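Colleague: Protein chains in written order, with our numbering: chain A, 1 to 195; chain B, 1 to 195; chain C, 1 to 195; chain D, 1 to 195.
Any given hint could turn out to be false.
Repeated chains share a single entry, so a pair holds when one copy, or any two copies, can fit it.
Unchecked claim - Using 20 Å as the maximum straight-line C-alpha spacing, the simulated SDA-like pairs for lysine to any residue come out as follows:
1) Lys47 x Thr57
2) Lys68 x Leu171
3) Lys95 x Asn111
4) Lys194 x Gly148
5) Lys68 x Gly145
6) Lys47 x Leu26
7) Lys47 x Ser122
8) Lys47 x Ala17
9) Lys68 x Glu30
10) Lys95 x Ser37
11) Lys194 x Thr100
12) Lys95 x His186
13) Lys95 x Glu141
14) Lys68 x Ala41
15) Lys194 x Ser73
16) Lys47 x Arg142
17) Lys194 x Gln18
18) Lys68 x Thr58
The hints are simulated quantities; they were obtained by calculation from the structure and are not laboratory data.
Just so it is clear, the structure is predicted and the values come from calculations on it, not from any experiment.
There are 4 protein chains.
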Amino acid sequence: MAIAARRIGAETSATRAQILTATEELIREEGYAAVSSRRVATRAGLKPSLVHYYFPTTDDLLIAVSLKGAEESDVQLEEALLSSDPVRGLWQFFKDSSRTAMALEFLALANHRPAVRESMASHSYEMRRRQVAVIDRLIGERLAGEDGCTSAGLTVVLAGIGRAIVLEGGLGVTEGHQDAMDFVDHWLERLLPKE
Amino acid sequence: MAIAARRIGAETSATRAQILTATEELIREEGYAAVSSRRVATRAGLKPSLVHYYFPTTDDLLIAVSLKGAEESDVQLEEALLSSDPVRGLWQFFKDSSRTAMALEFLALANHRPAVRESMASHSYEMRRRQVAVIDRLIGERLAGEDGCTSAGLTVVLAGIGRAIVLEGGLGVTEGHQDAMDFVDHWLERLLPKE
Amino acid sequence: MAIAARRIGAETSATRAQILTATEELIREEGYAAVSSRRVATRAGLKPSLVHYYFPTTDDLLIAVSLKGAEESDVQLEEALLSSDPVRGLWQFFKDSSRTAMALEFLALANHRPAVRESMASHSYEMRRRQVAVIDRLIGERLAGEDGCTSAGLTVVLAGIGRAIVLEGGLGVTEGHQDAMDFVDHWLERLLPKE
Amino acid sequence: MAIAARRIGAETSATRAQILTATEELIREEGYAAVSSRRVATRAGLKPSLVHYYFPTTDDLLIAVSLKGAEESDVQLEEALLSSDPVRGLWQFFKDSSRTAMALEFLALANHRPAVRESMASHSYEMRRRQVAVIDRLIGERLAGEDGCTSAGLTVVLAGIGRAIVLEGGLGVTEGHQDAMDFVDHWLERLLPKE
DNA sequence: GATGAATGAGAATTCATTCAT
DNA sequence: AATGAATGAATTCTCATTCAT
Chain A
1 MAIAARRIGA ETSATRAQIL TATEELIREE GYAAVSSRRV ATRAGLKPSL
51 VHYYFPTTDD LLIAVSLKGA EESDVQLEEA LLSSDPVRGL WQFFKDSSRT
101 AMALEFLALA NHRPAVRESM ASHSYEMRRR QVAVIDRLIG ERLAGEDGCT
151 SAGLTVVLAG IGRAIVLEGG LGVTEGHQDA MDFVDHWLER LLPKE
Chain B
1 MAIAARRIGA ETSATRAQIL TATEELIREE GYAAVSSRRV ATRAGLKPSL
51 VHYYFPTTDD LLIAVSLKGA EESDVQLEEA LLSSDPVRGL WQFFKDSSRT
101 AMALEFLALA NHRPAVRESM ASHSYEMRRR QVAVIDRLIG ERLAGEDGCT
151 SAGLTVVLAG IGRAIVLEGG LGVTEGHQDA MDFVDHWLER LLPKE
Chain C
1 MAIAARRIGA ETSATRAQIL TATEELIREE GYAAVSSRRV ATRAGLKPSL
51 VHYYFPTTDD LLIAVSLKGA EESDVQLEEA LLSSDPVRGL WQFFKDSSRT
101 AMALEFLALA NHRPAVRESM ASHSYEMRRR QVAVIDRLIG ERLAGEDGCT
151 SAGLTVVLAG IGRAIVLEGG LGVTEGHQDA MDFVDHWLER LLPKE
Chain D
1 MAIAARRIGA ETSATRAQIL TATEELIREE GYAAVSSRRV ATRAGLKPSL
51 VHYYFPTTDD LLIAVSLKGA EESDVQLEEA LLSSDPVRGL WQFFKDSSRT
101 AMALEFLALA NHRPAVRESM ASHSYEMRRR QVAVIDRLIG ERLAGEDGCT
151 SAGLTVVLAG IGRAIVLEGG LGVTEGHQDA MDFVDHWLER LLPKE
């Protein structure tokens, strides 16, 4: 297709992109266990063999999808961290449910596919480091006075609460969510008063 | 779920229990997608047909395991809430990783199996109510002064942070965990000073 | 089927026998590489799944066929060894081409399927021991005078020459075969004169 | 096979040689059934399409490898026959295991691929004729007295015993091998005393 | 001379499920 | 209460081969 580079796995291949998108949709709608070359191919309007041509093993495919998700997530994270209010941006980022269904699937998947696990672990680690670096630069000293909380601790707290709200929301359980969000907002207000 | 429901394979059967245990192990080790009558039977040392005899469909089996897990979780929760220090007990409960791998699998599963989803949703709801009731009775008024946090909000916060620590720990990411735990501990200390 | 025992793999199952026979034919006609559940099933007039039901893996199937061949071979060998002229019987046994095509396939197969290799190795060892025992009892002392040949050495010699004749014959090469057979016959005549 | 045949991929091509070598290794290690353009290409560090470019069909490739093996075998044979002691050289040649794994594969293959079979049959015939010619010139008359053995018969005998030793050795069965070799050595000594 | 893309076929398994006993 | 037999559908993966460039 086209003039561009066309090695297998070339990131420019349209077919490859189609396959990745179809797989993402499939995971989102039916879970990681629904990923099979057949299902993916059907959804992408391609032949199953072609899926194997681009992604010889299912692991390869899943890792590629996880990397794609990681990249998209990175973009959102950077946007949040580079905004005028990085801490609240991060909090919004964690409360954003759009990535969560996928993240949950991949978390579960990581328990069983070592390759996926490694890829996720290293990405999580990098994200955490990036978050901590930005927050530290911004409010490192001020946090120290706050019950001894650190930037690293803060990201864990915000990530945890945000994710809990999204996950439970997915199940239809919402009790206490608004209260928890209000609480975090108040707390951030004390920490970082909006003038 | 009434105890007396007259389904094949009385709930008291030892064989039934064997099957459930084998399934639990399987999910814990290889994920929900690994559950099949064959695999379960092999692990339990039974014939595949027998698994079908007790649990006609895989959904039946998965729901039974999820209910069993829910019951066990309830026991642990009650223990925590009836202890001398219910709030810290709850915090321990949330940080306990023993249920999390399973919970994660079922959370993912819930996205795709409506029956599992309903069962989990109603259980989560009941658990949350129970937690809130106890905490409310204990420190309801004191919480009000705390940035407007409520009992419901508190459970969400503790649940979220605890779960984040467990999930990330499963991936091998631990940065900020100790800090976050220290922070929560300090905060609980201010809220509920141990004499 | 029938009243007899019917565990999977029960040697009495007619279906199992059908599968083994079909596999044997397939190997004989098209080589070990032609063995697949599909091909076997088609030839046996069964469904591929049924082949897997009886022989979960292809190794299982191949080993079963090799054991069956070994048993049949054992019967022929015993017949030869228990005849009035065991040494010449053995020589006939080795020249008999009926087992050779299969034996060749399994020999080649043994290089690549460890399970088959082990099964064949232990059978070959037992056959050799049996041959040596009989010959030793019969003409052990007499052989000693014969250039120092032993019973074990004799079986190797007869087996080798017999097999060479059969293998080359299969290729259509026959030069020197009659000479070699005459030579062995003369030699056996000197060793064991027919009165 | 003329040297100048104008097939795709001149016989002098280094790439062609790489492919043949990779195929040989593959057959030796995993058997003829493991030969596929993919596997060969991977092992040779080439693209599958390139293998097809040189050898349009798998048969073409297998025949080429068999011819190459035949040529190498011819070289060894000539060396043995042109040495100062051609008969013992031939005996060494037959006991040499390095060619046997391949020979066995091709023998099995010959049963199913007519093209391979023809190529092997004519080569075997030529080799036998060459061996007989040399031995005949050397000890033809002397053999006549030896139980009526002929040069042709002798080659069959030596080939058979040598091959038996190598084949059984490959299986791990070695009983009687030393005895058989001693026996042949004694016999050759009587026939062709080393002064 | 070489190669990337694509495809249809088929391999080895695994599975859920049904049925008769 | 339990189980052996059977089956059709899927799943993962490998292959030979073709074609356009």
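Colleague: Are the hints correct? Go through all of them and say.
Modeller: These are the hints, each one checked on the structure:
no.: 1; hint: Lys47 x Thr57; in the structure: both (15 Å within a copy, 18 Å between copies)
no.: 2; hint: Lys68 x Leu171; in the structure: between (26 Å within a copy, 19 Å between copies)
no.: 3; hint: Lys95 x Asn111; in the structure: between (24 Å within a copy, 18 Å between copies)
no.: 4; hint: Lys194 x Gly148; in the structure: between (22 Å within a copy, 19 Å between copies)
no.: 5; hint: Lys68 x Gly145; in the structure: neither (39 Å within a copy, 45 Å between copies)
no.: 6; hint: Lys47 x Leu26; in the structure: within (16 Å within a copy, 30 Å between copies)
no.: 7; hint: Lys47 x Ser122; in the structure: neither (33 Å within a copy, 32 Å between copies)
no.: 8; hint: Lys47 x Ala17; in the structure: within (15 Å within a copy, 24 Å between copies)
no.: 9; hint: Lys68 x Glu30; in the structure: within (19 Å within a copy, 24 Å between copies)
no.: 10; hint: Lys95 x Ser37; in the structure: neither (33 Å within a copy, 38 Å between copies)
no.: 11; hint: Lys194 x Thr100; in the structure: neither (29 Å within a copy, 38 Å between copies)
no.: 12; hint: Lys95 x His186; in the structure: within (16 Å within a copy, 25 Å between copies)
no.: 13; hint: Lys95 x Glu141; in the structure: neither (25 Å within a copy, 28 Å between copies)
no.: 14; hint: Lys68 x Ala41; in the structure: within (18 Å within a copy, 30 Å between copies)
no.: 15; hint: Lys194 x Ser73; in the structure: neither (27 Å within a copy, 42 Å between copies)
no.: 16; hint: Lys47 x Arg142; in the structure: neither (58 Å within a copy, 60 Å between copies)
no.: 17; hint: Lys194 x Gln18; in the structure: neither (44 Å within a copy, 59 Å between copies)
no.: 18; hint: Lys68 x Thr58; in the structure: within (15 Å within a copy, 32 Å between copies)
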